[in-house]
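*Asks:* Chain residues, written in single-letter form:
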Amino acid sequence: MKPQRPKPERRPNRMGATVNRSERAVREPVRPDPRPVARSQGAVQSKTSWRDKLDAWSAHHSNSAIESLLRLLETPLQSLMTWLVIAIAVALPAALFVMFNNVQQVGQTWQDSSQISVFLKKDVTLNQGQDLRGRWAQRPDVAQATYVSSEQALEEFKRGSGLGELANHLDENPLPAVILIKPKIGGNAPDVLNSLQQALIADPLVADVRLDMLWVKRLHQFITVAERFVMALAGLLALGVLLVIGNTIRMAIENRRDEILVVKLVGATDAYVRRPFLYTGLWYGVGGGIVAAILLAIGFWWLSAPVTQLADLYQSTFRLQGLNFIESLQLILIAGITGLLGAWIAVARHLYLIQPR
Amino acid sequence: MIRFENVSKRYDTGYEALARVDFEVEAGEMLFLTGHSGAGKSTLMKMILLMEQPSHGNVFVDGHHLAHMPKGQLPYFRRNIGVVFQNHQLLFDRTVYDNVALPLQVAGYPHQEIGKRVRAALDKVDLLDKERSNPIMLSGGEQQRVGIARAVVNKPTLLLADEPTGNLDPELSNEIMTLFRQFNEVGTTVMVATHDVELLKRMNKRVLGLVQGKLVHDGVLW
Ligand SMILES: Nc1ncnc2c1ncn2[C@@H]1O[C@H](COP(=O)(O)OP(=O)(O)OP(=O)(O)O)[C@@H](O)[C@H]1O
Ligand SMILES: [Mg+2]
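Quick mapping for you: the protein sequence lines, in order, are chains X and B. The first sequence runs 0 to 356 under numbering that gives the first Met the number 0. The second sequence runs 0 to 221 under numbering that gives the first Met the number 0.
Misleading hints may appear alongside valid ones.
Below, in silico cross-link-like pairs of lysine to aspartate or glutamate (EDC-like), each with a Cα-Cα straight-line distance of 20 Å or less [stated by the list, open to error]:
| # | chain 1 | residue 1 | chain 2 | residue 2 |
| --- | --- | --- | --- | --- |
| 1 | X | 52 | B | 112 |
| 2 | X | 52 | X | 269 |
| 3 | B | 115 | X | 51 |
| 4 | X | 181 | X | 140 |
| 5 | B | 115 | X | 54 |
| 6 | B | 70 | X | 269 |
Derived CB-CB ranges, DEER-like [what the hints assert, rightly or not]:
| # | chain 1 | residue 1 | chain 2 | residue 2 | range |
| --- | --- | --- | --- | --- | --- |
| 7 | B | 93 | X | 232 | 42 to 50 Å |
| 8 | X | 348 | B | 67 | 23 to 31 Å |
| 9 | X | 354 | B | 35 | 22 to 30 Å |
| 10 | B | 218 | X | 65 | 52 to 60 Å |
| 11 | X | 352 | B | 200 | 42 to 50 Å |
| 12 | B | 10 | X | 336 | 38 to 46 Å |
| 13 | B | 55 | X | 235 | 46 to 54 Å |
On the chain X side, residues computed to face chain B include the following (Cβ under 7 Å) [stated by the list, open to error]:
| # | residue |
| --- | --- |
| 14 | 51 |
| 15 | 52 |
| 16 | 55 |
| 17 | 258 |
| 18 | 261 |
| 19 | 262 |
| 20 | 265 |
| 21 | 266 |
| 22 | 267 |
| 23 | 268 |
| 24 | 355 |
By construction, these hints were calculated from the structure, which means they are not laboratory data. The C-beta atom is built at its ideal place from N, Cα and C for all residues, glycine as well.
Given these sequences and hints, build the entire structure.
*Replies:* Spelled out as structure tokens, the structure:
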């Protein structure tokens with residue numbers, strides 16, 4: 000006997016229990032699915048059940064999504080650690096990319112403002128100089144040509160250098176007339192620049208030509224190399240993220256081995272078994288991406304003040320550009336996809352090994 | 000419903016758990032499987048579920064030749080079979096209700112339908128008041144009844160029960176058998192493994208007797 004069993008009034012004694020039970024059996028006859036009948040009942044029923052299936056499918060998706068997230072939050076420290084590892088792996092290449100973008104922008108503005116200064120000989124008259132400017136402006140490789148007379152040059156020097164006082168003491172204007180040439184360059188075309196320079200210097204009126212492009216070219220080259228390097232680094236780190244998530248998911252699968260066995264035995268499809276683990280991977284990735292975006296935002300905010308001061312020193316309007324909202328979302332998306340991929344690999348490798356025995 | 004053709008099973012250890020077993024079960028039959036511990040009862044049931052594959056011979060269930068069953072069809076095949084496992088196979092990280100609901104959730108039943116069927120199944124094994132408990136807090140017999148509820152909740156066409164009454168007192172054991180018989184009466188094929196000879200006598204049904212993996216008896220006992 001089990002006196003502790005609840006609802007004792009329903010079974011006063013052994014006899015009563017049996018009677019009670021059989022009475023109940025009459026009241027509620029057990030009726031397993033009359034399957035053949037159900038099948039022959041036709042399209043209407045199968046349609047609703049199709050809808051039910053779809054509902055159940057989407058319900059399982061949202062359930063898996065929520066449950067796997069809650070599972071991660073149940074072990075906050077461990078999850079945070081994984082998120083941080085992923086975040087660092089994501090933030091590092093992202094930060095470098097952003098840095099290079101910034102540097103490239105600086106280079107771009109300098110390159111745009113790059114001009115060839117053609118210093119004319121002392122004895123060239125105003126007319127001759129302007130003629131020359133006119134001819135050069137026609138050249139196909141010249142975007143713009145500006146004539147600056149020696150007087151204008153002196154004025155600008157006085158204003159720009161803060162040495163106006165000193166200039167006032169000069170007996171004679173030491174500055175030559177200058178023609179400023181803005182070359183028409185598609186992208187970086189050092190050859191075009193060189194030949195233009197050759198053509199300009201060949202003119203008998205020209206004293207000297209300054210083409211200060213070399214460092215721009217070098218910067219360009221450097222950025223190309225560095226970008227490749229960051230690309231390789233990003234690839235390696237992405238591999239690292241895949242391994243971290245793959246390993247974490249593998250442990251999650253091991254921890255839920257019993258559950259996997261049982262649901263397989265009661266008829267769960269592989270997709271059903273896979274789903275919560277794929278969501279776990281997604282959450283690891285997305286979480287890592289969010290932490291990375293936050294780290295980057297803090298980092299760039301921290302750097303932006305000194306960078307602004309530095310730029311001001313050089314009379315530049317340059318401002319450090321961090322990730323904007325859309326770019327942050329993209330970062331999180333990429334991290335999420337990487338997480339999903341890592342989970343997929345782990346699931347493909349480990350889940351099929353768990354078969355009911 | 001079930002046909003074994005000259006089926007042998009040799010485990011990786013080299014032990015032959017089943018040897019040249021031949022029998023056939025019609026749809027709608029109710030029968031028992033008996034034999035000493037280690038005779039191969041669980042092994043035979045696992046082969047019906049395709050948890051184990053025969054090393055020799057063919058197994059047919061519900062019109063499927065199990066050796067040729069596509070991998071993708073296995074889950075749908077298993078949904079038609081309710082199983083009471085010898086070791087319960089309950090999940091201790093969720094409530095009794097959620098354990099019983101598992102086959103329905105897996106098959107994608109709508110929420111309300113799951114609620115109705117789970118309560119009906121728990122009522123049949125008299126555990127309705129324990130639906131919010133964790134199975135770890137239940138007695139061995141109660142756990143076994145949860146396993147039974149889970150096996151019948153999906154109204155399967157084939158019900159396999161491996162020692163379903165092992166932990167139950169005679170009264171409860173009778174109730175469970177009555178439940179199985181009711182299922183059988185409305186068309187479910189029921190196969191029960193037991194070494195309870197008293198039970199076999201009482202039920203007076205077809206019995207398959209296994210001795211060291213060999214089928215030595217097929218028919219009503221006495
Ligand atoms: N996975 C396995 N690997 C190797 N041998 C096994 C395995 N499973 C079962 N066996 C062996 O096969 C034999 C039959 O086992 P089975 O579980 O079918 O017996 P049983 O009739 O269900 O016994 P019981 O009444 O104790 O449950 C046993 O001797 C067992 O040791
Ligand atoms: Mg057994």
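*Asks:* Does each hint fit the structure? Answer for all of them.
*Replies:* So, going through the hints one by one against the coordinates:
no.: 1; hint: X:52 / B:112; result: holds (12 Å)
no.: 2; hint: X:52 / X:269; result: holds (16 Å)
no.: 3; hint: B:115 / X:51; result: holds (16 Å)
no.: 4; hint: X:181 / X:140; result: holds (9 Å)
no.: 5; hint: B:115 / X:54; result: holds (18 Å)
no.: 6; hint: B:70 / X:269; result: holds (10 Å)
no.: 7; hint: B:93 / X:232: 42 to 50 Å; result: holds (44 Å)
no.: 8; hint: X:348 / B:67: 23 to 31 Å; result: holds (27 Å)
no.: 9; hint: X:354 / B:35: 22 to 30 Å; result: holds (28 Å)
no.: 10; hint: B:218 / X:65: 52 to 60 Å; result: holds (54 Å)
no.: 11; hint: X:352 / B:200: 42 to 50 Å; result: holds (44 Å)
no.: 12; hint: B:10 / X:336: 38 to 46 Å; result: holds (44 Å)
no.: 13; hint: B:55 / X:235: 46 to 54 Å; result: holds (51 Å)
no.: 14; hint: 51; result: holds (5 Å)
no.: 15; hint: 52; result: holds (5 Å)
no.: 16; hint: 55; result: holds (3 Å)
no.: 17; hint: 258; result: holds (6 Å)
no.: 18; hint: 261; result: holds (5 Å)
no.: 19; hint: 262; result: holds (6 Å)
no.: 20; hint: 265; result: holds (4 Å)
no.: 21; hint: 266; result: holds (4 Å)
no.: 22; hint: 267; result: holds (4 Å)
no.: 23; hint: 268; result: holds (5 Å)
no.: 24; hint: 355; result: holds (5 Å)
Going down the numbered hints, you'll see the structure goes against none, and every one checks out.
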